[in-house]
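2 protein chains.
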Amino acid sequence: MKPQYSLATLMLGLFLLAVFPADDGKGSGAEDSRIIKAIFDEVLVSAESYKLLDHLSNQIGPRLSGSEGAARAVQWTKEVMLGYGFDRVFLQDVMVPHWVRGAVETAHIVLPSGNRVDLKVTAIGGSVATPEGGVTAEVVEVQGLEELTALGKQRVAGKIVFYNRAFDQRSVHTGRGYGGANDQRVDGPSRAAEFGAAAVVIRSVTTAFDDAPHTGMLSYKPDIDRIPAAAFGVQSADKLTEALRARGPLKLHLELSGCWLPDAKSHNVIGELRGSEHPDEIIVVGGHLDSWDLAQGAHDDGAGCVHAIGALRALQRIGYKPRRTLRAVMFMNEENGLRGGRRYAALALENQEKHLAAIESDAGGFSPRGFGVTASEAAIDKIRSWLPHFDPNTISYIEAGGGGADINPLNKSQGIPVIGLITDSQRYFDVHHSEHDHFGAVDRRELELGTGSLAALIYLLDKYGL
Amino acid sequence: MKPQYSLATLMLGLFLLAVFPADDGKGSGAEDSRIIKAIFDEVLVSAESYKLLDHLSNQIGPRLSGSEGAARAVQWTKEVMLGYGFDRVFLQDVMVPHWVRGAVETAHIVLPSGNRVDLKVTAIGGSVATPEGGVTAEVVEVQGLEELTALGKQRVAGKIVFYNRAFDQRSVHTGRGYGGANDQRVDGPSRAAEFGAAAVVIRSVTTAFDDAPHTGMLSYKPDIDRIPAAAFGVQSADKLTEALRARGPLKLHLELSGCWLPDAKSHNVIGELRGSEHPDEIIVVGGHLDSWDLAQGAHDDGAGCVHAIGALRALQRIGYKPRRTLRAVMFMNEENGLRGGRRYAALALENQEKHLAAIESDAGGFSPRGFGVTASEAAIDKIRSWLPHFDPNTISYIEAGGGGADINPLNKSQGIPVIGLITDSQRYFDVHHSEHDHFGAVDRRELELGTGSLAALIYLLDKYGL
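Top to bottom, those sequences are chains A and B.
Note that our numbering has the first sequence beginning at 1, numbered continuously upward.
Note that our numbering has the second sequence beginning at 1, numbered continuously upward.
Chain A extracted, bound-state conformation (with noise of 0.2 Å):
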């Protein structure tokens, strides 16, 4: 990809330095208007982030950590910015985890005549192998933790264990519809486990009512046998379900090959335009490259990528001169392992970085709604005082808490402001972990929005200190 500067583009930068002069530092509304405006202008015609997502998912595709693809979104990112002409473009070496899945994913009911039900399943991610040929026993259905602990071991052991609580659709921020179902996938193959149980599966974490597996990953406990784990479709879930009421118990064949690799080297991408006046203060704006092995990652979390990269770009469009280093970090492993987001921490830390904020878009490509703060209470008013620069069709409210798991480091070792980019979230679980998180799911202009809301906020951040 090649610069792409153009006589209009210069003409523009040329324009906005003659109607925004250098301020005395307590800055104007109107000319943080003319210029938010301007931000929003930029990115809605040119539409940058949404062309840079069309090649990262069609182009590279799916970019778990060690794997090909994350390899060349880790080069490609990096000549994407150098070929705008950042002022600096990084890596940071990180070494994270390599899971593979298995050619083989299978599961299905075996009917007491011997007749089979075929069911939609896919590896939960870092599930370790079945034995070759699969494991067939009895399943026992649950509808979480709390009913499995319950049962006793009596009645799991040697069983596959079956999470079927589904996502509870009544939250409106659908978020927390996620983080009250996820347990089953995260926490449930250790605890079943314990009870001696050959495996499990899962009804997948998910809004939609279709057949398509939502991975993700687990967390195998020390100490404690790992055993496969697998998750169904909606409808495969609800299949399995009514065969249990409909017959009683029942046998279930579950195979799945995936595997293990030695850590891989690997890295974090990061781009930077100097500041003029504090050079040495930064602003993190970031999303993670790495994702699910299913399909693109587009928002999950291509989009992240393309807002971080797009922000610093738009403003560089408009010929914007920041007082502080903006920086867009292009985090590794935030699936599977948070390594590029720790190693990014530990980094500023060992260099005696001084950062003013971070910044994380996480939650798809969707309309924006919103950024959640974690800081002090002063610097939390001092954002939300900021809103009414913000179209409320885009950032319409400022919320306490929130930041990003990549970023989430920063704060906790350092107390560094972190702010999450909330985003519109109805359709994210539909999509997030499986196939369907493909570019056609990705609308232009609400990517877009979320790219300008970023390059507003960072800003104001940059303008206004925190």
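In short, the hints are calculated from the structure, not lab data.
Owing to the predicted nature of the structure, the values given are computational and were not obtained by experimental measurement.
There could be a bad hint or two in this list.
Note that identical chains are pooled: a pair holds if it fits in a single copy or bridges any two copies.
Claimed, not checked - Heads up, simulated DSSO-like pairs for lysine-lysine below, C-alpha to C-alpha not over 30 Å straight-line:
(1) K265 / K37
(2) K51 / K239
(3) K120 / K153
(4) K120 / K51
(5) K463 / K412
We have chain A; now place chain B onto it with these hints.
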């Protein structure tokens, strides 16, 4: 469709009556919060609006005024509301314009070599037919009505005028971009006819960059020749403008065969929940039942219809007994005549009905963002004071101005406060009036949040008045 009362519904109703006893009229914040939570729980879990929209879109489909689809939609929505046991369901007769799209809709560029370049085209709604065999004439491209006027009669007479000004992508709310371009479609044909043009073609008024033509209404001025008018898909418009740029003057061939039939008898469809304290005071919530003919009219405005029915249904399901009379109104003929909306206002006046307020949903079944209110400042302030009852991921602002095409006559003739549901507008004009406005373009949860927001507003209006 049969009534769907279940034991669970009855128990929920009894539970709510116990939890929310009749209050003293002043209400309490906690009670309001509980009822509004119950509303959102109900719509997100039952997804009743979504189920209705599935039927309206996939079983009935296109419903242009005067069509068989429109007649079936009238009967079906009436039956649905009867099936729900609404207190009163009735029709209002209204005569509607009856335009029928022709079987022939073709356009191509005639190259000097005699070869042709086919373009994707559809008649603008209401267009007269070309002579049989079509019209072939030189194209004159303009970027809008002003440029046409500047060209003058000499350079326009006998030619096909090509209005090619694009949808301005910069406005965050796409309604503004639409308003800035659709004068070419609405007024363009008569303006061109004044200068002696043979026909009009336009670039479709859309945010998309695909090749689906978007129809919509034109307005022929009295005493001016009615000339044929059609809309190109954006890619076809680009082909034409590029060909003109590359090759100079070119001829275009256009053939359309639509026609006008005599006005047809049709209906507004109205369902009521009768008020217990002030049955003579009416709160209207409505959408328009007619749609353009190129697709299912799922967003425009099937969504508004199922929002209206669904909002009353949700209040009924949670056991809420309204103080005032609540009306779900399916207006007929918004798209090409507005006869239903005018008829409703005329009958309201004639019958001396007292309307507290009227709400319309006609911005698609996307996530709600706000309400636009045309009313006294005091009334707007009162509605704004209810904002804290809404999750900011649903209704996050109340703005002055707004309403809906079908309810505005109530405001104009009698000063009745009118309120429009503002939804996230980013995807609306991708599908609006085109073949893409089908059920698959509607997200279940986004649609239901609209239903919930309307039901919550109705509840607050009913309880506190205006």
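Structure-based check of all given hints:
1. K265 / K37: neither (42 Å within a copy, 49 Å between copies)
2. K51 / K239: Only across copies: K51 and K239 sit 22 Å apart there, 41 Å inside one copy, limit 30 Å.
3. K120 / K153: So K120 and K153 pass the 30 Å test inside one copy only (28 Å; across, 67 Å).
4. K120 / K51: between (33 Å within a copy, 25 Å between copies)
5. K463 / K412: Classified as within; 25 Å inside a copy, 47 Å across copies.
Comparing the model with each numbered hint stated earlier shows that hint 1 is the single one that does not hold.
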